[in-house]
Amino acid sequence: MFELFTYDFMQRSLLAAAMVGGLCSVIGVFVVLRGLAFVGAGTSHAAFAGVALGYLMGWPPLGLAILFGLATVWITGWVEEKGRMKLDVSIGILYTTTMALAILFIGLMKGYNAEVYGYLFGSVLSVTNEELRIIGGLSILVLGLILLFSKELYFIAFDQEMAEASGIPARKIFFLLLTLVALTVVVSLKTVGAILVFAMILIPASTAYQLTSSLTTLTFYSVIIGITTSVAGVLISATWDVPSGPAIVLLATTVFFVSVLFSPKRMKSPTRAHVH
Amino acid sequence: MPDSHEPIIRFDHASFGFPGVIALKDICLSINAGEFVGVIGPNGSGKTTLCKAVLGLMAPVEGHLHIFDCACDALRCHHRAKIGYLPQKGVVDRNFPVTVLETVMMGRYGALGLFKRPGLKDQEIAIESLTHVGMESHKDTALGHLSGGQQQRVFIARALAQQPKVLLLDEPTTGLDITAQHNVIELVEHLHDELGLTVLLITHDINMIRSRVDRLVLLKTRLFAAGAPADVLKPDILSEVYGKDLVITEKDFLIVEDYHHHH
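Protein chains in written order, with the working numbering: chain A, 14 to 289; chain B, 76 to 338.
Just chain B, with the same shape it has in the complex (with noise of 0.2 Å):
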């Protein structure tokens, strides 16, 4: 297991964006490993900008990041490997003739670098990363035969056979029925626990996550607050970020703004 207390990803006064448009500003954060993660905050809020910021596609236009100790301040920085992504749902063709085999083995070609093949090896990493999500009788099928929350596990087994340290999620559970929110959340934390994974990820369901996550950042362009989920959850500070779009009943808080977004 990694040592807790090591951060591998730090946002030192780090901000984002483009010229006259910050998407995220002055940013300190660290993530440690071996840490779940679960990062909240309200439509363009900057959610999807921390998570491009980590992937390496957008660099900081102030302040720095550090990811595994290296200033990563230029793009593409070969760390990037080790972060396993499962990119929003709707971002990819998901009738595209592929099979879900084929799929995952894509996970695997960052980390092989130009020129080479994909061999036994690769395979074996493939077909062990389906079954760590259940998925490996599968493996012939097409992709676009697959429900939705199938889908998502060959997506995370793709993530996977990167054989990441952090697994990046973004939005893990849009577009899926209930069960399979339970089911992929589930999933992920599984993954947490068994691979010993960094785990960062972005989600409007502040309920699905807040008994699971060891740290919430709530982000609204600004870092509005990060600790326990007990510590960022206070009436308070949610009606500040969210406003007249809070409603808080007994034992949750229901986003209303949320429901509007995805369609």
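Just chain A, same shape as in the assembly (with noise of 0.2 Å):
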């Protein structure tokens, strides 16, 4: 097995895997907590929806998906902000949307295209040196932006209108954490795949959230168990050579099961009188 660390493709791809694992893991903590999991499910495709323009038409797939993954984000948040409609509704009619414009974009291209459909199951054993620059950069600047915003980001999650009222850019912050997730969504699509990212922010936050109850344990658990799921997700799929997507998803899952199970919440439920 040792010698699969020999190789360029699979250093590369357990490099993209552990960048890819850790930004999704950190992002997912505000996610998780903010109660904005269908919007990440929304985003990924309508960054898939840019991907297949961008390979119909001939132009860049990851600036079209950062441009429809915006997109669709920032109207998300519009519409909740205006109370319109309930973000679910939002979310859950530009999610088919963009799925329908992305099956109409394959549809329209000329024959079968295996690299499209790469950026839908994910492919990280195949990606490429300027890929994994682009994966390197955007995740740096998304990490930068969280690390920046931190106290903010953690105080909307928790209460954003108190959040507004003590001064706090509450709005424009939010507006951030979707511009976060719309980008983190972009950066993992050759990894896991507009299918699966959606996982890869989810799994992590959510295991951590069974194991403690303090706000930076919490992340910093996320992030432990975001790389290395999907570090050993890609060494479980060249190993056993099946497709790594899957294989790191279906390996968050499982830590997440046993994490339910194991919760010491769970375990330790305070016996707390109701008071009506």
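Hints listed in this document are in silico derivations from the structure and should not be mistaken for laboratory results.
There may be inaccurate statements among the hints.
[Claimed, not checked] A few chain B residues facing chain A, derived, Cβ under 8 Å: (1) Pro-193; (2) Gly-194; (3) Ala-217; (4) Gly-219; (5) Ala-301.
All C-beta atoms in this analysis are idealised placements derived from N, C-alpha and C, irrespective of residue type, glycine included.
With the hints as a guide, dock the two chains, each given alone in a separate frame, to form the complex.
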């Protein structure tokens, strides 16, 4: 198994998996706490539509993925803010619309394009050096912004109205969070694919949620779980020749269910008088 | 101690709401530094709107609102950081994975501003705030593991960590048992006396606060009455505002309507 590490492609994929795993698990903390799970799903399908349009027109697929992803989260955020519609309804509409566009764009292509499907299901083992640089650059940007605004992001995830009342530009921070979700999804497209990236955002943070009641510890656990399962998933994929995306996600899901079973929160569930 | 005649919140013919739905109309009211003011009124009388206005989450559609002598018609004026706020129970997820100290530290975030990280000094202020509410020994406990009354204390500590001049409390006793209700109100009274805070307490429970506040403000879209509790709590005034929902016994005023409200 150790000779795997000597291959260039393997080093690239492990590095990509570690970066994507780390990034998804950090943004996932805020997605899970702020209740934006469905936004992640919607965005990944929108980004995939961008990729499909890119291949159809011969334009840069990742650039269009970013454009589609951002448009989706911003429209979603705007709709929620205006309170015209519930968030899950508006994202549900955008989710299916962008998926319809993706299918349309693929249908308009002449012949079968394997690369497009690579973005749908993920193919971390075929990550190129150039893609690795893009993943690295965007990861640094997103993680840097999260670090810079971490206290505001935690606050709006906990209590957006209170954050606003205490002088934090809560609305702008919320849109920043949505933007970071969209960027994370695009960064992860090639590695885990449009369908599975959503799991990479949700699972590590939800697993960590089972294990601790401290925000800082939660984030730390989430990153550890995210990076470990991604790297281990790639190794499983290469060793047993199974697709990498499902290997990563199914491994993470297993860890999640184990954490639910052994959650210390569940075990010493506090006996509290319920007051009405 | 602040000069008790200096108005720090002043509504000047201010109306709040949305086009077609006016929640508060033509309010003229001054809150002076160091005062303990109770805000009462039936459901939908504009109590929460008053709260949002003071917090800067709502601008007046007519008239003006001055806070610390600043015409705060523009939302989120920087003076708002001096207002510590306890939101109504149920607004935040009480099972959120956060410790008591992490919760109270959030009270520092607004004052710190963007890009600055909370340091040791902020942690000291947070712990001091927890000491004021008697919860310092629980600083590493998960918020979700506390009782309703203890959680309320933690949220009051978060408001104190802002080092506010004004403490704004929206229904602080709702959903608590009778002992916890008394404890929370006693704590607020204590903080008012000890820290010289101006307190604005919104409540349904007239009997709980009538002997403790300097002034009562009675709202029903308009400002119905404001003054010493004895001047406001007159059967004729209350019957006019609460109508048939009010039962006056020898000692207490019972607002029947409110029992239907929260559950």
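Okay, the hints, checked on the actual structure:
no.	hint	in the structure
1	Pro-193	7 Å, holds
2	Gly-194	12 Å, violated
3	Ala-217	3 Å, holds
4	Gly-219	6 Å, holds
5	Ala-301	24 Å, violated
Figure legend: structure checked against the earlier numbered hints; hints not met, in rising order: 2, 5.
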